[in-house]
Amino acid sequence: MASLPKRIIKETERLVSDPVPGITAQPHEDNLRYFQVTIEGPQQSPYESGVFELELFLPDDYPMEAPKVRFLTKIYHPNIDRLGRICLDVLKTNWSPALQIRTVLLSIQALLASPNPNDPLANDVAEDWIKNEEAAIEKAREWTRLYAKPK
Amino acid sequence: MSRVPRSFRLLEELEKGEKGMGPESCSYGLADSDDITMTNWNGTILGPPHSNHENRIYSVAIECGEEYPDQPPQIKFVSKINLPCVDQITGEVKKNQFHTLREWKRSYTMETLLLDLRKEMALPTNKKLPQPTEGSNF
Amino acid sequence: MKIEAKKIHCVFAWSWDIPGDCQDGTQGPSEEDVCGICRVSYNGTCPNCKFPGDDCPLVIGDCNHNFHVHCIQQWLDTPTAKGLCPMCRQLFSLKRGVSINEAQVEKFAHLLMKSRPTALTTDEEDIMMDQEFLVR
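As they're listed, the protein sequences go chains C, B and H.
Residues in the first sequence are numbered consecutively from 3, following this note's numbering.
Residues in the second sequence are numbered consecutively from 34, following this note's numbering.
Residues in the third sequence are numbered consecutively from 102, following this note's numbering.
Hint data in this document are derived by calculation from the structure and do not stem from the laboratory.
Nothing false has been slipped in among the hints.
Quick list of in silico lysine-lysine cross-link-like pairs, BS3-like style, CA-CA up to 27 Å:
# : chain 1 : residue 1 : chain 2 : residue 2
1 : H       : K183      : C       : K8
2 : C       : K94       : H       : K183
3 : B       : K49       : H       : K183
4 : C       : K76       : B       : K52
5 : B       : K152      : B       : K49
6 : B       : K49       : C       : K94
7 : H       : K151      : C       : K12
8 : B       : K127      : B       : K138
9 : B       : K52       : H       : K183
Note that the structure is a prediction, hence the values are computed from the model and not measured.
Produce the entire structure from the sequences given, and follow the hints as far as they go.
So this is what it looks like as structure tokens:
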């Protein structure tokens, strides 16, 4: 494997030495571009008190290309589909190499705090959300209790 | 080149399959769109022209295990087919008798596998093999 | 007393000539003086170069954001960049009248032509743009 760019080493060191509250990210021993991530559900959101597992991969072209991120924990959210894929502008068209692993994970945490059913990825969830927001939020809470139990 | 983890590699393949960016002679997609492990896939192969397979559409089931893509997936025909590398009872493609599986490389994809099976059908030694009735399954 | 110099070690230091108002509000070199893309010091190199200095120059944007020229060019060459500065998302162009930018002006003029859809010059391009939007 080619040597790891300095920027990735620096980012990894800082994630460990100065972690973001409510977020952990740890590289796999056998692949330092592949991270195991947890994000705590934001307070006052339907995901509160849940701990969500994600995986993150830095492609060869990082930071010219955005990291690839996916939820591993089942989650009921209009911008996250059944395979855990995330619809978030900074992961696609609005990526900038000034962003980092930590800022991306913070953006994902913010997405949990403010679901956006008008820009959906999981269409059926978004429809539920628009039709009956209260019921959708209740379902998101239930899924959080069921699947996102802290370990 | 860095090693793309299994899940992101499978998501790439899924997107390619979903958008129909691949060749027309084969297709593939998740068997269960809810399966976060992305283990089981369905595929189809369009029989090659100028052979007994012409105009037939073969269904296959593919299983990408934990070690994919370091290890090849398991693949079996759902549609009945007469090919030397296919077990005539289970429909399974026998790893030792099919070069793409036997000499699997990490860079190979499910698409590689389906296209190579199609080439196998078109081999001079295979293309005129008598075939079971169209539409029968293993 | 007589002093005889037997050996002389020459030591020199250099840094890019960055005008005062382009230093992100800080004075003198500091920890923060890193390329916004690769996060290596201005006076260091981009990830692909070995020798700092003229082989791997620094450029200063009109928006006062500084990058190794190789870093910012690689970024502006991607379709995601849309010609924007990674830091402030304004259209990136070189600051004028800055000596270290001068050698790079031509390269950037070419890159900007490719990536600046709003700076239209002809009607034909206008129509093409409209069609592109319709397709989207």
